[in-house]
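As you go down the protein sequences, you meet chains A and B in turn.
Quick note on numbering that gives the first Met the number 0: the first sequence kicks off at 0 and runs consecutively.
Quick note on numbering that gives the first Met the number 0: the second sequence kicks off at 0 and runs consecutively.
Hints listed in this document are in silico derivations from the structure and should not be mistaken for laboratory results.
Since we're looking at a predicted model, the values are computed, not measured.
It is possible that part of the hints are untrue.
The list makes no distinction among identical chains, and a pair is therefore deemed to hold if it is satisfied within one copy or across any two copies.
Computed list of lysine to aspartate or glutamate pairs in EDC-like fashion (alpha-carbon distance at most 20 angstroms, straight line) [as the list claims (entries may be wrong)]: (1) Lys-203 - Asp-55; (2) Lys-147 - Asp-55; (3) Lys-245 - Glu-301; (4) Lys-137 - Asp-19; (5) Lys-187 - Glu-32; (6) Lys-245 - Glu-174; (7) Lys-296 - Asp-91; (8) Lys-147 - Glu-186; (9) Lys-147 - Glu-273; (10) Lys-18 - Asp-230; (11) Lys-187 - Glu-313; (12) Lys-139 - Asp-91; (13) Lys-203 - Asp-279.
There are 2 protein chains.
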Amino acid sequence: MTEFELIARHFAGRGAGRKDVLLGIGDDAALLEVPESHALVVTTDTLVSGVHFLPDVSPHALGHKAVAVNLSDLAAMGAEPAWMSLAITLPDSRHDWLDAFAHSVADICEYYGVSLIGGDTTRGPLSITMTAQGLVQKDKAMKRSGAKPGDWLYVTGTPGDARRGLELLQTPRAEITESADVRDALEKRLLYPTPRVAAGQSLKGLASAAIDISDGLLQDLQHMTSASRCDVEVISEQLPLSAALKASVPDHQRLKYQLAGGDDYELLFAVPEESRGSVDTALQHFAVPFTCIGRFKPGRGEVVVTCGGEPLSEQWQGWDPFRDND
Amino acid sequence: MTEFELIARHFAGRGAGRKDVLLGIGDDAALLEVPESHALVVTTDTLVSGVHFLPDVSPHALGHKAVAVNLSDLAAMGAEPAWMSLAITLPDSRHDWLDAFAHSVADICEYYGVSLIGGDTTRGPLSITMTAQGLVQKDKAMKRSGAKPGDWLYVTGTPGDARRGLELLQTPRAEITESADVRDALEKRLLYPTPRVAAGQSLKGLASAAIDISDGLLQDLQHMTSASRCDVEVISEQLPLSAALKASVPDHQRLKYQLAGGDDYELLFAVPEESRGSVDTALQHFAVPFTCIGRFKPGRGEVVVTCGGEPLSEQWQGWDPFRDND
Numbered sequence: 000m001t002e003f004e005l006i007a008r009h010f011a012g013r014g015a016g017r018k019d020v021l022l023g024i025g026d027d028a029a030l031l032e033v034p035e036s037h038a039l040v041v042t043t044d045t046l047v048s049g050v051h052f053l054p055d056v057s058p059h060a061l062g063h064k065a066v067a068v069n070l071s072d073l074a075a076m077g078a079e080p081a082w083m084s085l086a087i088t089l090p091d092s093r094h095d096w097l098d099a100f101a102h103s104v105a106d107i108c109e110y111y112g113v114s115l116i117g118g119d120t121t122r123g124p125l126s127i128t129m130t131a132q133g134l135v136q137k138d139k140a141m142k143r144s145g146a147k148p149g150d151w152l153y154v155t156g157t158p159g160d161a162r163r164g165l166e167l168l169q170t171p172r173a174e175i176t177e178s179a180d181v182r183d184a185l186e187k188r189l190l191y192p193t194p195r196v197a198a199g200q201s202l203k204g205l206a207s208a209a210i211d212i213s214d215g216l217l218q219d220l221q222h223m224t225s226a227s228r229c230d231v232e233v234i235s236e237q238l239p240l241s242a243a244l245k246a247s248v249p250d251h252q253r254l255k256y257q258l259a260g261g262d263d264y265e266l267l268f269a270v271p272e273e274s275r276g277s278v279d280t281a282l283q284h285f286a287v288p289f290t291c292i293g294r295f296k297p298g299r300g301e302v303v304v305t306c307g308g309e310p311l312s313e314q315w316q317g318w319d320p321f322r323d324n325d
Numbered sequence: 000m001t002e003f004e005l006i007a008r009h010f011a012g013r014g015a016g017r018k019d020v021l022l023g024i025g026d027d028a029a030l031l032e033v034p035e036s037h038a039l040v041v042t043t044d045t046l047v048s049g050v051h052f053l054p055d056v057s058p059h060a061l062g063h064k065a066v067a068v069n070l071s072d073l074a075a076m077g078a079e080p081a082w083m084s085l086a087i088t089l090p091d092s093r094h095d096w097l098d099a100f101a102h103s104v105a106d107i108c109e110y111y112g113v114s115l116i117g118g119d120t121t122r123g124p125l126s127i128t129m130t131a132q133g134l135v136q137k138d139k140a141m142k143r144s145g146a147k148p149g150d151w152l153y154v155t156g157t158p159g160d161a162r163r164g165l166e167l168l169q170t171p172r173a174e175i176t177e178s179a180d181v182r183d184a185l186e187k188r189l190l191y192p193t194p195r196v197a198a199g200q201s202l203k204g205l206a207s208a209a210i211d212i213s214d215g216l217l218q219d220l221q222h223m224t225s226a227s228r229c230d231v232e233v234i235s236e237q238l239p240l241s242a243a244l245k246a247s248v249p250d251h252q253r254l255k256y257q258l259a260g261g262d263d264y265e266l267l268f269a270v271p272e273e274s275r276g277s278v279d280t281a282l283q284h285f286a287v288p289f290t291c292i293g294r295f296k297p298g299r300g301e302v303v304v305t306c307g308g309e310p311l312s313e314q315w316q317g318w319d320p321f322r323d324n325d
């Protein structure tokens, strides 16, 4: 059995059995059916050992994350996840490792109704490339470019936790002063991000723009304001803060985690005044925390962070030694 | 400019501008339109340095090949190529190298009408993962599993050349006795394979089964007979032989190149008796060489190579030190 067959075997009889898969793994290509009224949504992400994850990460966490980061991109478009291709490069044949990895990939795919439709296994330094495909009603996809002056800026979850989790994972256990609960909560946000799939779909038609946070709130927000051609004010006092990050990081250092942490996989989205009530109602169904953190203004794409109504001059971008900053 | 932006820039204003790309590079995901009467065809292939290509390969050849091997999978399904995602991992930032690579990718994509819809650039040991997507009329895709006893077996091109080309590339120039013409012809088959895109599409409705040859004729034929549940006789005297391979390899060694060489990216296909005339007519339009090399028989999936009507006992499979054999 090849390694890819081993991965595929974990999908047999799992939630991945979609009727729109006309031909799955085992031929030169997969054959898929896209409903007439829908557009196809496609995203690709690569995770490289030592760049996007620590080399000693568990195969279970890695399998989850590789899927989650791709589903997060689909969520930011408001798409329903459908199919996934998986290309994995492995330094050697470790069947236990691959078994745990594939099992984890199957679990998260089953949870989100995603079918594994193909892929490739090759020998080499550990890396994973996934291409995720989703479906969205035509003309309903959320883009980065739709925010307008006057729209409110929202974020799901509590950005910053994942970055602190990474630091704790890189710190010798004996030097960690946080409680086990705090440490676990922060590390889990790094290792097991939750793609905001249901929230993303429920925001279609309500949010005017959306993007997921992978490189840090400010950096991804900058993409949104540039594409939307307006400014935004981020009110630092309104940034959501988890109890774990509050317990782990001193007050004066908190902002850089929240604004530039990265690896959050939360959604940033813009909401016109008239849709705020509908957004409240829609998101309450999903038990996803969400917070209004600012407002869009006329301008040329600038992001301003304020405290007490005054702009902060500190620069947070580029604080990212672990991730590749391309 | 990030490296991926550099790649994407080469596609601006090129043949890649398809009307079915509703949203291309630059958001969280691409948005694509699939015609109602068509199925989506998806394939993923990874090329790793030192496994699938020589580390010193030119970026131009690598760009061509990375696209070609994926289009070859689409061709084997009879699909029209449409969109491609490109994930590239690079050890360092060499703009000249990337420029040549991207230029070559753009050239071949433009030639085949393919649009680059997204991707990712990461830092690490050189490897490329491409996901190619195509379109095919519903129920018209060619599969591996449709061959029936009595069908004739055909192959395009002259398998074996690419493998000899690889050996010549690995041989010091001073030790090569072949003429420059012979050497160039064989090396070119390895470095610049031609995906049989038009031939594949013209075989739809005529061929009963098809597969592309990437791991060697016998190995890929074995996939077809297993999926189709019948035997096949390959008549060794009928195997097509290029003038270059004839000049480069002694008669008694030729068969192993033709049968087990790999990296050919030719099509193997099955044709029912009543469609032979139509296949002749269809393929003559495309100036693609094609040869009938055997016939399917009742059985359980066995591949038999004969010479003078007698089965040959030699084993060719597994002769593949360069490629990953998974």
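For each hint, the structure was consulted:
1. Taking the closest pair of Cα atoms, Lys-203 and Asp-55 never come within 20 angstroms of each other, the shortest separation being 38 angstroms inside a single copy and 48 angstroms across copies.
2. For the homomeric pair Lys-147 and Asp-55, neither the shortest alpha-carbon distance inside one copy (44 angstroms) nor that between copies (50 angstroms) is at most 20 angstroms.
3. Taking the shortest alpha-carbon separations for Lys-245 and Glu-301, neither the intra-copy value of 28 angstroms nor the inter-copy value of 66 angstroms comes in at or below 20 angstroms.
4. In this assembly of identical chains, the alpha carbons of Lys-137 and Asp-19 lie at most 20 angstroms apart whether taken from the same copy (18 angstroms) or from different copies (12 angstroms).
5. Taking the shortest alpha-carbon separations for Lys-187 and Glu-32, neither the intra-copy value of 36 angstroms nor the inter-copy value of 37 angstroms comes in at or below 20 angstroms.
6. For the homomeric pair Lys-245 and Glu-174, the shortest alpha-carbon distance inside one copy (19 angstroms) is at most 20 angstroms, but the shortest distance between copies (69 angstroms) is not.
7. Proximity of Lys-296 and Asp-91 under a CA criterion of 20 angstroms is satisfied in neither setting, with 53 angstroms inside one chain copy and 39 angstroms between copies.
8. Taking the closest pair of Cα atoms, Lys-147 and Glu-186 never come within 20 angstroms of each other, the shortest separation being 36 angstroms inside a single copy and 56 angstroms across copies.
9. In this homomeric assembly, Lys-147 and Glu-273 come within 20 angstroms of each other (Cα to Cα) only inside a single copy, at 13 angstroms, whereas the closest approach across copies is 63 angstroms.
10. Within a single copy, Lys-18 and Asp-230 get their C-alpha atoms no closer than 44 angstroms, and across copies no closer than 32 angstroms, so neither meets the 20 angstroms cut-off.
11. For the identical chains of this complex, Lys-187 and Glu-313 are neighbours neither inside a copy (29 angstroms) nor across copies (56 angstroms), given an alpha-carbon limit of 20 angstroms.
12. Within a single copy, Lys-139 and Asp-91 get their C-alpha atoms no closer than 44 angstroms, and across copies no closer than 39 angstroms, so neither meets the 20 angstroms cut-off.
13. In this assembly of identical chains, Lys-203 and Asp-279 lie within 20 angstroms of each other by CA distance solely inside one copy; the values are 13 angstroms within and 52 angstroms between copies.
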